[in-house]
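Chemist: I would like the entire structure built from these sequences, with the hints used as guidance.
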Amino acid sequence: MKHLATLATICLLLTCSFSARADENKQRPSQEQIVEYQCKELVSVLKLDESKVKEFTDTYKSYRDELKATRDKYGKTGRKKRSEMTDDEIEQEILNRFAMSKQIISVREKYYKKFRKTLTPRQIQRVYEREKKGYDKMRNEMNKRKSGKEKQKQYYKKGNGNSKSKCESKD
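Reading the sequence shown from the start, the letters are residues 932 to 1102 in the numbering used here.
Rather than coming from a laboratory, the hints here were simulated on the basis of the structure.
Treat the hints with caution; some may be incorrect.
To be verified - Okay, derived cross-link-like pairs now, DSSO-like style, lysine-lysine, Cα gap no bigger than 27 Å in a straight line:
{"hint": "1", "residue 1": "K971", "residue 2": "K999"}
{"hint": "2", "residue 1": "K1048", "residue 2": "K1077"}
{"hint": "3", "residue 1": "K1045", "residue 2": "K1033"}
{"hint": "4", "residue 1": "K1048", "residue 2": "K978"}
{"hint": "5", "residue 1": "K1011", "residue 2": "K957"}
{"hint": "6", "residue 1": "K1012", "residue 2": "K1077"}
{"hint": "7", "residue 1": "K1077", "residue 2": "K978"}
{"hint": "8", "residue 1": "K1044", "residue 2": "K1033"}
{"hint": "9", "residue 1": "K992", "residue 2": "K1012"}
{"hint": "10", "residue 1": "K1033", "residue 2": "K1011"}
{"hint": "11", "residue 1": "K1080", "residue 2": "K985"}
{"hint": "12", "residue 1": "K957", "residue 2": "K1077"}
{"hint": "13", "residue 1": "K985", "residue 2": "K1044"}
{"hint": "14", "residue 1": "K999", "residue 2": "K985"}
{"hint": "15", "residue 1": "K999", "residue 2": "K1044"}
{"hint": "16", "residue 1": "K1011", "residue 2": "K1048"}
{"hint": "17", "residue 1": "K971", "residue 2": "K1080"}
{"hint": "18", "residue 1": "K1064", "residue 2": "K1044"}
{"hint": "19", "residue 1": "K1033", "residue 2": "K1048"}
{"hint": "20", "residue 1": "K971", "residue 2": "K1041"}
{"hint": "21", "residue 1": "K1080", "residue 2": "K1033"}
{"hint": "22", "residue 1": "K1080", "residue 2": "K1011"}
{"hint": "23", "residue 1": "K1011", "residue 2": "K992"}
{"hint": "24", "residue 1": "K957", "residue 2": "K1048"}
{"hint": "25", "residue 1": "K1041", "residue 2": "K1077"}
{"hint": "26", "residue 1": "K971", "residue 2": "K1064"}
Modeler: Dropping the structure here:
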């Protein structure tokens, strides 16, 4: 009976380790793959004709590339905690956000005119709504992960996550 319990425990541990490795081996899709997927989804949602698909897809990819380039240009490079920043650094960060917002608006206006050649205003609005939903979903996921990390930190600070197991402490 004791050997059966040991064997069952070993099987359980092996199963857990294999499933953990399978999760580690999953690759995240690249940015290009994500944009490609979004294009296909938008083409489906917008119910575009075959004649408009190529033009829309090319325009949408260029639009996303320019937005990404703008965000990267003003992105967080070596950002410190706000409590560690000087007033001048905080002011510069605020001014950078203003500049980024202006440039994003400029890109959106530019591409609105390009989208308008292929899409109706209602379809363009749906593109923007999908875009906003995607950002909201990403923000919610990031907040969820962040709160999970905070809970872990609190758990370990309370002393619940000490490194000794119950078996070691009995010795």
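Chemist: None of the hints should be skipped; say for each whether it holds.
Modeler: Results for each hint:
no. : hint           : in the structure
1   : K971 to K999   : holds (19 Å)
2   : K1048 to K1077 : violated (42 Å)
3   : K1045 to K1033 : holds (19 Å)
4   : K1048 to K978  : holds (16 Å)
5   : K1011 to K957  : violated (32 Å)
6   : K1012 to K1077 : holds (15 Å)
7   : K1077 to K978  : violated (37 Å)
8   : K1044 to K1033 : holds (17 Å)
9   : K992 to K1012  : violated (34 Å)
10  : K1033 to K1011 : holds (24 Å)
11  : K1080 to K985  : violated (43 Å)
12  : K957 to K1077  : holds (22 Å)
13  : K985 to K1044  : holds (17 Å)
14  : K999 to K985   : holds (21 Å)
15  : K999 to K1044  : holds (19 Å)
16  : K1011 to K1048 : violated (44 Å)
17  : K971 to K1080  : violated (34 Å)
18  : K1064 to K1044 : holds (22 Å)
19  : K1033 to K1048 : holds (24 Å)
20  : K971 to K1041  : holds (22 Å)
21  : K1080 to K1033 : violated (34 Å)
22  : K1080 to K1011 : holds (19 Å)
23  : K1011 to K992  : violated (33 Å)
24  : K957 to K1048  : violated (40 Å)
25  : K1041 to K1077 : violated (35 Å)
26  : K971 to K1064  : holds (16 Å)
Checked against the numbered hints above, the structure violates hints 2, 5, 7, 9, 11, 16, 17, 21, 23, 24, 25; every other hint is satisfied.
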